[in-house]
Amino acid sequence: MGITSRDLVADKAFKFRNLIEELRSRDYYSDDPKELVDLFDKVATQISEKIKAIREDDDIGIKRINLLLSYYHLALDEIEHIELDNVPVEMLPLFTRILGKLKLTTILVFRPNPMYNYSYFPITRFINGVNKSQGYPEVKDKCDIAVISFPSSEKNSTLLHCSFAHEIGHHLNECFSVAKDIEPKVLELIDKDLLKKYVGKFLESLSKTKRVVGETEVTLDKFILREQMESFEMEQFAIIIRKWLDEIISDTIAIYLFGPAFVFAITEFLLSSQNAEKYSETHPPIFIRLKNLMPLFDELGFSKDLEKYEGIIKRIDYYRTISKKTFDTKDESISSIKNMILERGIVGLFEPARSLVKARIDFPKGICNFEDSRHAVSAFRNLVTGNEILNKNCTSRPIDAVTILNSAWIVRINFIDELYRLLPNIEKSEVRNILDRLALKSLELQEFHSKMVPAQ
Amino acid sequence: MHLQNEMSRLEYSFRFGFLSDRIVESLSKYEKETTKLPEDDKKVLGEGISFFEMVLKGKEQITTGVYESNALESLMTYNRSLSIVLDMPDLPKEMNAEKIEEIFEELKESLCKIVEGKKVSPLEIRKTRSFFNCLRESTLNDSTTIINGLYESRRSDRWELPLET
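Taken in sequence, the protein lines are chains W and S.
The letter at position 288 of the first sequence is residue 287 when you use numbering that gives the first Met the number 0, and the numbering goes up by one with no holes.
The letter at position 82 of the second sequence is residue 81 when you use numbering that gives the first Met the number 0, and the numbering goes up by one with no holes.
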């Protein structure tokens, strides 16, 4: 009999289950990662059944299960990085509250990422999508589980973690089916004349390349069905714009959740090391993200709320300048046409996306309380936690978490020089780190305070 | 960053990969079975019919410019199926959009006939099976490429700053 390919995959599945058991015995920051371990346990059972059922000579089938197992192994590896004390747990009640207000029961698992990045991964949905095609029922769990990762080296970077709002935005985008319902518009908004021009340019470049087939010399464009090429390029543009739409919607949701703090965090994170015009297939350039965010910033009244802070106004003006960039040009090179198709497509989606976000998601009223913020800013400037407002009768009331985060950002941008002067013998990075820790402590105290029994 | 690009591509390749695995399995059974095809297999072939409906919907949306929900997935499925059909043997010498649409209709029709218990010629079955076999292989290649890329991006000696949230 010997060892067959199917046996090797069965061994791999066995080891996968062992790893699940090992992960189950570890301590985590809460019970949430264990829910994820349980989810993988269910998946491992399904895979073992699948291996038993598959024919030994079904090479493709065996390879596919092997790949699925490799992928789940990789996903499981993500849980391995979660330990008891490497997640900013002080911030988590805020996210639970946000989800609770929107009546969502999702379990968000927070994971330090060895790569310098924030990310969102709706794991249950991925598993259910794959299960459906195998004829398996959906994994019925207590509820939906999604993993949100953050750069492991930034564990205590409270202010940068305002970028979490964007990742929560991805989740809300999926739960409230925002991008999905705008999807037909993605294809509608692809400029068909530009697309034809783009395909024409591409075929033109191929027509200059000659090959000898038999005894005839032909140009490469003759091998391509123009209709196939147009349809394929349409798909490629639509895929990119659809991904960009997810990002734009998540940004829009994030500004409604965290206000200016989100805009400061995301731009600081992105602009610190990348060009405003750089983009990828999954992410629009920063200038396009700001083109969407800045009108919202004004519409929500933040420019007015923050007008007394000179440093902040300068920073906002800088963002506005970046947001005015454009790919629109008279240049008709193939790359310029590509950029124009993408920009026109995504910009045309800003308004439908905003309208649907507002219509579908019932955001809490009053994103940031700028009146309370004055007290928190004052506390942070004095290196004191900014989590409460003291009343004259020696009682106090907590400042809400989003206001605390916005206040810390105001200090970081507008009053940081003041803190440097206050702490002359400490490295500037350390001063910024102190502000981060103060903000984190404020969130912890705020949460504690909000649970206290009111004074009789 | 929503881990969308790789994840949704991977989900797509697994979804349609497993589906085509099951369809090929059911078609093999149909060829061998002398008795009636079991209901479970009919259900699988029914999913194959829905697959071709999505392909044809993709084609229709490109032609008319009127897009519906799931427009992108229909378009992706149409393009992938188009590439497979253009690689299939015994194609007519002159190919155009209408001829390709006819081929999809024929493939769908053969599945419909099997589900309805009507007679289907061995040539029709061979063609349909050949299409789904190509889909099996192409989705397997996609999954392999994506997963290899994911492992590659996590190599311990690699320090990356993707900076995409």
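Accuracy of the hints is not assured; some may be wrong.
Claimed, not checked - To give a feel for the contact side, a few chain W residues facing chain S, derived at Cβ under 7 Å:
id : residue
1  : 59
2  : 63
3  : 74
4  : 133
5  : 135
6  : 227
7  : 228
8  : 328
9  : 417
To be clear, the hints were calculated from the coordinates, so they are not data collected in a lab.
Predicted model, so just to flag it, every value in this text is computed and none were measured.
Even glycine gets a Cβ: it sits at the ideal position worked out from N, Cα and C.
Now for the hints, and whether the structure bears them out:
1. Interface hint at residue 59 of chain W: satisfied, since its Cβ lies 5 Å from the closest Cβ of chain S, which is below the 7 Å cut-off.
2. At about 6 Å, the closest approach between the beta carbon of residue 63 of chain W and any beta carbon in chain S falls short of 7 Å, and the interface hint on this residue holds.
3. A cut of 7 Å between beta carbons decides the hint on residue 74 of chain W: the least distance to chain S is about 10 Å, and the hint is violated.
4. With 7 Å as the threshold, the beta carbon of residue 133 of chain W comes within range of chain S, its nearest partner Cβ sitting at about 5 Å, so the hint holds.
5. Given the 7 Å rule on beta carbons, the hint for residue 135 of chain W is violated: about 9 Å separates it from the nearest Cβ of chain S.
6. With its C-beta approaching chain S no nearer than about 6 Å, residue 227 of chain W sits inside the 7 Å limit, and its interface hint holds.
7. Using the Cβ-Cβ criterion of 7 Å, the hint placing residue 228 of chain W at the interface with chain S is not satisfied: the shortest such distance is roughly 10 Å.
8. Nearest Cβ of chain S to the Cβ of residue 328 of chain W: about 25 Å, over the 7 Å cut. The hint is violated.
9. For residue 417 of chain W, the interface hint is violated, since its Cβ never comes within 7 Å of a Cβ in chain S; the closest pair sits about 30 Å apart.
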